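Work out the full structure, taking the sequences as your base and the hints as a guide.
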Amino acid sequence: MSPAPILSAFRQALGEAWAGGAGALLPVGFFAGAAVLVPLGVGTDPETLRTIGPGILWVSLALSSLVTLERIFQADAEDGSLDLWLQTSAPAASIAAAKTFAHWLTAGLPLALLSPFLLLMFQAQIGGALLENMLFYAIGGLAFYFWGGVGAALAATVRRGGLLISLIALPLYVPTAIFGALAMGNGPSSAAAPLFLAASTLFALAVAPFAMGAALRLAAD
Amino acid sequence: MFSWFANPHRFLMLSSWLAPLFYATAALLIAWGLWQGLWVVPKDDYQGGDIMRVMFIHVPAAWLAMASYLGMAVMSFVWFIWRHEVADIAAKAIAPLGATWTALCLVTGAIWGKPTWGTWWQWDDARMMSVLFMFFLFLGYMALRAAMDTRQKAARAGAILAMVGALNVPLIKFSVDLFTSLHQDASVITPEGPKMAAVYLWPLLISSLGHSLLFAALVMTLMRAEIWTRRAAQIRARLMTGD
Amino acid sequence: MLPDFDSNAAFIWASYSVGLLLIGGAMVSVMMKARAAKMQLIRIEARIRDQKRG
Numbered sequence: 001m002s003p004a005p006i007l008s009a010f011r012q013a014l015g016e017a018w019a020g021g022a023g024a025l026l027p028v029g030f031f032a033g034a035a036v037l038v039p040l041g042v043g044t045d046p047e048t049l050r051t052i053g054p055g056i057l058w059v060s061l062a063l064s065s066l067v068t069l070e071r072i073f074q075a076d077a078e079d080g081s082l083d084l085w086l087q088t089s090a091p092a093a094s095i096a097a098a099k100t101f102a103h104w105l106t107a108g109l110p111l112a113l114l115s116p117f118l119l120l121m122f123q124a125q126i127g128g129a130l131l132e133n134m135l136f137y138a139i140g141g142l143a144f145y146f147w148g149g150v151g152a153a154l155a156a157t158v159r160r161g162g163l164l165i166s167l168i169a170l171p172l173y174v175p176t177a178i179f180g181a182l183a184m185g186n187g188p189s190s191a192a193a194p195l196f197l198a199a200s201t202l203f204a205l206a207v208a209p210f211a212m213g214a215a216l217r218l219a220a221d
Numbered sequence: 001m002f003s004w005f006a007n008p009h010r011f012l013m014l015s016s017w018l019a020p021l022f023y024a025t026a027a028l029l030i031a032w033g034l035w036q037g038l039w040v041v042p043k044d045d046y047q048g049g050d051i052m053r054v055m056f057i058h059v060p061a062a063w064l065a066m067a068s069y070l071g072m073a074v075m076s077f078v079w080f081i082w083r084h085e086v087a088d089i090a091a092k093a094i095a096p097l098g099a100t101w102t103a104l105c106l107v108t109g110a111i112w113g114k115p116t117w118g119t120w121w122q123w124d125d126a127r128m129m130s131v132l133f134m135f136f137l138f139l140g141y142m143a144l145r146a147a148m149d150t151r152q153k154a155a156r157a158g159a160i161l162a163m164v165g166a167l168n169v170p171l172i173k174f175s176v177d178l179f180t181s182l183h184q185d186a187s188v189i190t191p192e193g194p195k196m197a198a199v200y201l202w203p204l205l206i207s208s209l210g211h212s213l214l215f216a217a218l219v220m221t222l223m224r225a226e227i228w229t230r231r232a233a234q235i236r237a238r239l240m241t242g243d
Numbered sequence: 001m002l003p004d005f006d007s008n009a010a011f012i013w014a015s016y017s018v019g020l021l022l023i024g025g026a027m028v029s030v031m032m033k034a035r036a037a038k039m040q041l042i043r044i045e046a047r048i049r050d051q052k053r054g
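Line by line, the protein sequences give chains A, B and C. The opening residue of the first sequence carries number 1 in my numbering; numbering runs sequentially from there. The opening residue of the second sequence carries number 1 in my numbering; numbering runs sequentially from there. The opening residue of the third sequence carries number 1 in my numbering; numbering runs sequentially from there.
Quick caveat, the hints were computed from the structure, so don't treat them as lab data. None of these values were measured; they are calculated from a predicted model. Think of the CB as a built atom: it goes at the ideal place given N, C-alpha and C, for glycine as much as any other residue. Check before you lean on any hint, since a few could be wrong.
Stated by the list, open to error - Covered stretches of chain B, as calculated for chain A (at least 3 residues, CB under 8 Å): (1) 134–145; (2) 154–162; (3) 165–172.
Said to hold, decoys possible - Pair by pair, the computed Cβ-Cβ distance ranges are: (4) L37/A x F77/B: 38 to 48 Å; (5) A198/B x G24/C: 22 to 32 Å; (6) G118/B x L2/C: 43 to 53 Å; (7) A24/A x S29/C: 41 to 51 Å.
In structure tokens, the structure reads:
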């Protein structure tokens, strides 16, 4: 087995993200738009916004991962490149992992990088916590994209599978959302929460690629 | 053992007498459990009086919610590894029924919660939240199967999802437990537990057994329907090609 | 005779009614599905017999 197909899948996914107009700016726009809508809905009380801000961003992150995931395997299944990937010597799981990781780099990581600015808009204080939270959003987002990738791979041959992906992925997002929220809280048991967050992301990285690989082989049949 | 059951014809033979037997036994057991639970057992003032009688429907539903998801995952695994057609038929049949009992568990839990905790929905109760997410897993499974255009694809995709979900259930449970342990103010009653009096325990066990038998019988009936449908589709396909 | 519950009687009856509704609904729909599948199979098998007889 040679790593070449995996690398080329990774590069292709990176290229796709930047192709087609706005490219990687789209998820960023969606993320910010979803988050900014909330104060308009719940009111602008600074105390409230400071409390709910980090949680709003978790929800926005989960939602933006879902809206961008629909196409990542569907396009490959349609134009036949999926069949080509699967004919190479590389395991389907590693191809899927490479594509999903590239997708997180272009669509998930920018959201984490943007999070300090959004948190400031939600009345957070400037400080180290902003950078810490950025790290949590990055780690948690990785798990979101991998579990969402399972849904995307399963729904790769389903036309307009977006809602289906959401229904499949949302229960799988629960541990990450909870550990992420706890990691940012100040509760007594939140000290271990960052480790739980990292562990649940590692679990996603270990399990999801195999499920995606099996689902892609199904989509190619 | 799996291979012995894997033959649809053998399953039809077996279920043709096993399902009616299960229906009849379930009717007796559930009737006895209801009679005991609603008429005979004394109310428990320590647990809010008569409201604890909801237990005799809520706990069987909670047990079946968990058992049915596990059953669906095991059947998916068996199908995925050995490709035994009957296992897939079983997984497909369990999903809607499991979702029904899971919904029953949620609704009766909410109804029990209102007079006991003063709220229909207790976000701090780990069990309610875990069961809710299991309900979503069932819905996702059914939606995914329905979206696939061939039987074979529906079986494969469903099996992958059921197994991924089963791996995640412990993690979901653990994270929800951790989440709720931060909110200590909720005083959650625990009807199950070693301290429960035998007078409640027997009706509870019998009701749970009755619900399980009814569930199993319904699964068998749905499986029989699926086998007949597949057979009819096969014959129709043969007629079309003109054999 | 119906049992006489304390102030929470409505909640108890509500939960058992929901149970009856959900489980009864599931039973009815399963039975209907099984019947429809059986009828369909019988019909199509009869058609084959007719065809064979010519």
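Now the hints, each set against the structure:
Closer than 8 Å: that is the beta-carbon criterion, and the stretch 134–145 of chain B has 7 residues meeting it against chain A, so the requirement of 3 holds. Note: the stretch 154–162 of chain B has 4 residues with beta-carbon separation from chain A under 8 Å; the three-residue rule is met and the coverage holds. Coverage of a stretch by a chain is defined here by at least three residues with a beta carbon nearer than 8 Å to that chain's beta carbons; for the stretch 165–172 of chain B and chain A the count is 5, and the condition holds. Range check, L37/A to F77/B: Cβ separation about 42 Å, and the 38 to 48 Å hint holds.
Judged by the Cβ atoms, the range 22 to 32 Å given for A198/B and G24/C holds: they are separated by roughly 31 Å. Our hint of 43 to 53 Å for G118/B and L2/C is violated, since their Cβ atoms are close to 27 Å apart. Against the hinted window of 41 to 51 Å, the Cβ-Cβ separation of A24/A and S29/C comes to about 47 Å, which satisfies the hint.
Going through the hint list in order, the structure does not satisfy hint 6, though it satisfies all others.
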